[in-house]
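**Q** Here is what each chain is made of, one letter per residue.
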Amino acid sequence: MDTQQSDARPVLEGPDIARVLTRIAHEIVERAKGADDVVLLGIPTRGVFLAQRLAAKLEEITDRKIPVGSLDITMYRDDLRMHPPRALARTDIPGDGIDGRLVVLVDDVLFSGRTIRAALDALNDIGRPRAVQLAVLVDRGHRELPIRADYVGKNLPTSLRETVKVLLAEEDGRDTVLLGAKQASPGAQQ
Amino acid sequence: MSKILIRGAKVLGGEPQDVLIDGDTIVEVGAGLPAEGAEVVEAEGKVLLPGLVDLHTHLREPGREDSETVLTGTRAAASGGYTAVFAMANTFPVADTAGVVEQVYRLGQQHGYCDVQPIGAVTVGLEGKKLAELGAMHESAAGVTVFSDDGKCVDDAVIMRRALEYVKAFGGVVAQHAQEPRLTEGAQMNEGVVSAELGLGGWPAVAEESIIARDVLLAEHVHSRVHICHLSTAGSVEIVRWAKSRGIDVTAEVTPHHLLLTDELVRSYNPVYKVNPPLRTERDVMALREALADGTIDIVATDHAPHPHEDKDCEWAAAAMGMVGLETALSVVQQTMVDSGLLDWAGVADRMSFKPARIGGATGHGRPVSAGEPANLTLVDPAYRGTVDPTGFASRSRNTPYEGRELPGRVTHTWLRGRATLVDGKLA
Amino acid sequence: MQRHLISAADLTRDDAVLILDTAEEMARVADRPIKKLPTLRGRTVVNLFFEDSTRTRISFEAAEKRLSADVINFTAKGSSVSKGESLKDTAQTLEAMGVDAVVIRHGASGAPYRLATSGWIDAAVINAGDGTHQHPTQALLDAFTMRRRLVGRDAGLGQDLAGKRITIVGDILHGRVARSNVDLLHTLGAEVTLVAPPTLLPVGVETWPCEVSYDLDSTLPKSDAVMMLRVQRERMNAAFFPTEREYSRRYGLDGDRMARMPEHAIVMHPGPMVRGMEITAEVADSDRCTAIEQVTNGVSIRMAVLYLLLGGNEPAVTHSRTEEK
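Protein chains in written order, with full-length UniProt numbering: chain C, 1 to 190; chain Y, 1 to 428; chain W, 1 to 325.
Please keep in mind that the hints were generated in silico from the structure rather than gathered at the bench. Every residue, glycine too, gets a C-beta built ideally from N, C-alpha and C. Check the hints yourself; a few may be wrong.
[To be verified] Selected chain C positions facing chain W (in silico; Cβ < 10 Å):
1. LYS33
2. MET75
3. TYR76
4. ARG86
5. PRO94
6. ARG101
7. ASN124
8. ASP125
9. THR158
10. LEU179
11. ALA181
[Said to hold, decoys possible] Mimicking SDA-like on lysine to any residue, the simulated pairs with C-alpha atoms at most 20 Å apart in a straight line are:
12. LYS152/Y to PRO62/Y
13. LYS35/W to LYS57/C
14. LYS35/W to VAL29/C
15. LYS57/C to HIS83/C
16. LYS36/W to ARG128/C
17. LYS35/W to ILE58/W
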């Protein structure tokens, strides 16, 4: 992890994050007409926690068990040759698989779109969903591929000199989204 | 001009003196000798030694002229300060007849860089089965007195006994390559901690020591003398020490590389460190230095073993065994023996000139630096410090383990019977 | 930094655990309908085998193909190598064709190290077994199998083998598997005991980070895993042991001996097994024997190694010994 930028300011706080996840859950139920064939797949690391939170909300709303898993896209990245190999994260597909189902990919920040492109390739090797949708907590713009999110927690116009960092209680001890200036080091900014 | 005045050299490392050469002979040694009519070589700070004598050189001719010839090998010898070398018999064809040894001898004479004294094979084709015509080689123009199957051990005890007995008739000596063959099948390096780790076939010390023990006992039994080639282990030192204390007529040699390098270097898998007998341990190295200092080991011999580049530029197991050594020997001895305080320059003269000449019967070599003696001389600059660069070697081969290593000392001049073969480090 | 895997001794504890963890994820690919990842697309790997080993070769080949590498198989038999071409020339020829990695199996100890350090080629070098020196991917797959069985598939993630007691039985002298395993298991915190007749132990073994015993029966009850190594019948002719019968009586693993092992303990074998020599059919076919599992795990381990050495712009595994000095 990068050291915390001193000049980073919060753009979403804990209660905001809970509220937008609730909204997204309702949108999913609405758009998926009850969400009875939805499978949530989070993209590691923070997408997985968001997917689990979303699943919990969906279960509250629908009173049904919602399959949730994780999809590691490391091996499908198009920038593998530009960095040392990364440690792999877990891909965990719920027992009934994804064939014929509505897969909702969940990630924390949508930026260039390359992660989602890799996720679509990864999905392709795992099965054939009825449809694939995308839910993100923050869309910061600057797409490099023709990809858009179906559910967006917050649209956050940014400049390329800024970084967006999502912190979640499960990983970071607290919920917040920080907007800061890019540091000189090419760290883990998104 | 036939007169040469070497001015201010420390003769055998002693007080500076002048040495006057006239023709092929030293005519005067003393202080403040007149320079008239003589070419003067300023030798202040340098050490003057009798021309070095190598009892163990592989010149490869005939047969492997791609690695060395008598010409290139003797040029390398002159560069290293040698005035006489004994050429080993493992050529193609093997030097097991009068014809081959005479050819090698004549090539040496013809080139004139260094006297070449051929060594005859003990057995026909080095096969260890049947004695070669030792007498005929002795009586040939080459006058062979040293016999060796070097590269292979005379492992049959009966053949060894007969050879030891037979050469007594004309004052010859058998130089044994001590290697028990069964114990060293598939051997790639010293057997020990490093070989176990590297997974390379082991060459145990006992394979050398058992043969040396047998041979000194045989020599005692038949009242012969025996010479041990490239002794490499602490155990061998103990056996030779014991044999000498018992009055057995045994002499032994050590190579420069066994005085300096250890099997730890093999961890690089670089075949430049592959040699037979193999590099041993630090403990062996220290025992060998001590034995050379106290006279248990009589001489330093190079085991100069040239190999073409492709025979070393490969995986370890496929590589040839051996290292070139003529052009670095004195520097290694200076570092390991002189600079370490174990031996003075007079001791170096003894181990690298007097004694090898005496063991091999090289008349005219290994003589004192005094009036009336043949002018076979080597001038050394012991203060020199430099890095070994094989591209400058006179040898045709470059398989030195010292490439890039800093070694002290440098031979600046070599005179063979009054004629300079090396001047200011350059071959004449 | 270079990108080679030459010896198990070169791996740090963290490197080794990273490889095992990565292999655990790779293993999950085998459960998918499409057992393939695009990770090494466009990279060419040559399997350069100077020694017959169909098992190791196809294991590497499966791993390479699952990662979408282009694979070239080169076996020395019938090639120009048998006509005297040197290792150097062969390697340079392959590199001239644009090879990114060389998986090399060679009868000469140190050949992969030489290939990686001599400056002959730039490609990554992965040792698939050299002489009686090393076979690092075998040691890794063995450690992977042990961790799964003795610690747990998920519980094992991030863990080493601290405190596990591993017994390796058989021809240690001629075996690269034993050398690699001793190095790696020691790094991973396991306690290793070698059991063999003294003739089949190398001089210098006393300096290895392990115990040595000549007595199998007293070691078995204190073992969490017992690894049986193949003993070639030909060794008998070189007086390493008197007869096959005597060897298997003293050092072979049969049902009675297996019963003396703790209940949770496993029997391992790198294969190929010589049934009736070092292992009886009863033991080889029992649930406690992981020989088949080891083969499966071999593919995952080799995928992990290939990914970590070739997947990025520099290797994720540090490699002290082959760095230029």
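**Q** All hints are to be evaluated individually against the structure, with a verdict given for each.
**A** To see whether the hints hold, each was checked on the structure:
| no. | hint | verdict |
| --- | --- | --- |
| 1 | LYS33 | violated, 28 Å |
| 2 | MET75 | holds, 4 Å |
| 3 | TYR76 | holds, 6 Å |
| 4 | ARG86 | holds, 8 Å |
| 5 | PRO94 | violated, 13 Å |
| 6 | ARG101 | violated, 15 Å |
| 7 | ASN124 | holds, 8 Å |
| 8 | ASP125 | holds, 4 Å |
| 9 | THR158 | violated, 27 Å |
| 10 | LEU179 | violated, 29 Å |
| 11 | ALA181 | violated, 27 Å |
| 12 | LYS152/Y to PRO62/Y | holds, 18 Å |
| 13 | LYS35/W to LYS57/C | violated, 34 Å |
| 14 | LYS35/W to VAL29/C | violated, 33 Å |
| 15 | LYS57/C to HIS83/C | violated, 37 Å |
| 16 | LYS36/W to ARG128/C | holds, 16 Å |
| 17 | LYS35/W to ILE58/W | holds, 16 Å |
Hints 1, 5, 6, 9, 10, 11, 13, 14 and 15, counting from the list given before, are not met by this structure.
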